[in-house]
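Engineer: Sequence:
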Amino acid sequence: MLEQLCRDYLTQLCVNIPERPVGSDGNRRATAFFAAEMARFGWAVRQDSFPAIGWAEEGATLKVAGQDFAARPSPYALGCQVTAEMVAAASV
Numbered sequence: 001m002l003e004q005l006c007r008d009y010l011t012q013l014c015v016n017i018p019e020r021p022v023g024s025d026g027n028r029r030a031t032a033f034f035a036a037e038m039a040r041f042g043w044a045v046r047q048d049s050f051p052a053i054g055w056a057e058e059g060a061t062l063k064v065a066g067q068d069f070a071a072r073p074s075p076y077a078l079g080c081q082v083t084a085e086m087v088a089a090a091s092v
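In our numbering, the protein residues as written are 1 to 92.
Check each hint, because a few of them may be wrong.
DEER-style ranges, computed between Cβ atoms [said to hold, decoys possible]: (1) 4 x 52: 30 to 38 Å; (2) 88 x 13: 50 to 58 Å; (3) 81 x 14: 33 to 41 Å; (4) 78 x 29: 22 to 30 Å.
FYI, nobody ran anything at the bench for these hints, they're computed from the structure. Only a predicted model underlies this, so the values are computations on that prediction, with no experimental measurement involved. Quick reminder that beta carbons are idealized off the backbone N, C-alpha and C, glycines included.
Turn these sequences into a full structure, and let the hints guide you.
Structural biologist: Below you can see the structure in the form of structure tokens.
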């Protein structure tokens, strides 16, 4: 029974709600799931709100001499548009 309960929790939090960044819909769903489960076991549940920084990936582009390269933004990176000279950071 405990093993199945653990599997059910993992399925809910890892399969059904795989992405849970702070402030996201997934985070709210996971929080509601956890609160409901704790209440079901008789725990008093209180949820406190707090301000949080949100972030959504909007893509990134890297183009050199007209050729596109795969690029991914770093989480919470500020957006920018930059044109600059390309220099070698290391060589083999």
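Engineer: State for each hint whether it applies.
Structural biologist: Status of the hints after comparison with the structure:
1. 4 x 52: 30 to 38 Å: 34 Å, holds
2. 88 x 13: 50 to 58 Å: Violated: the Cβ-Cβ distance is about 44 Å, outside 50 to 58 Å.
3. 81 x 14: 33 to 41 Å: Holds, at about 37 Å.
4. 78 x 29: 22 to 30 Å: 28 Å, holds
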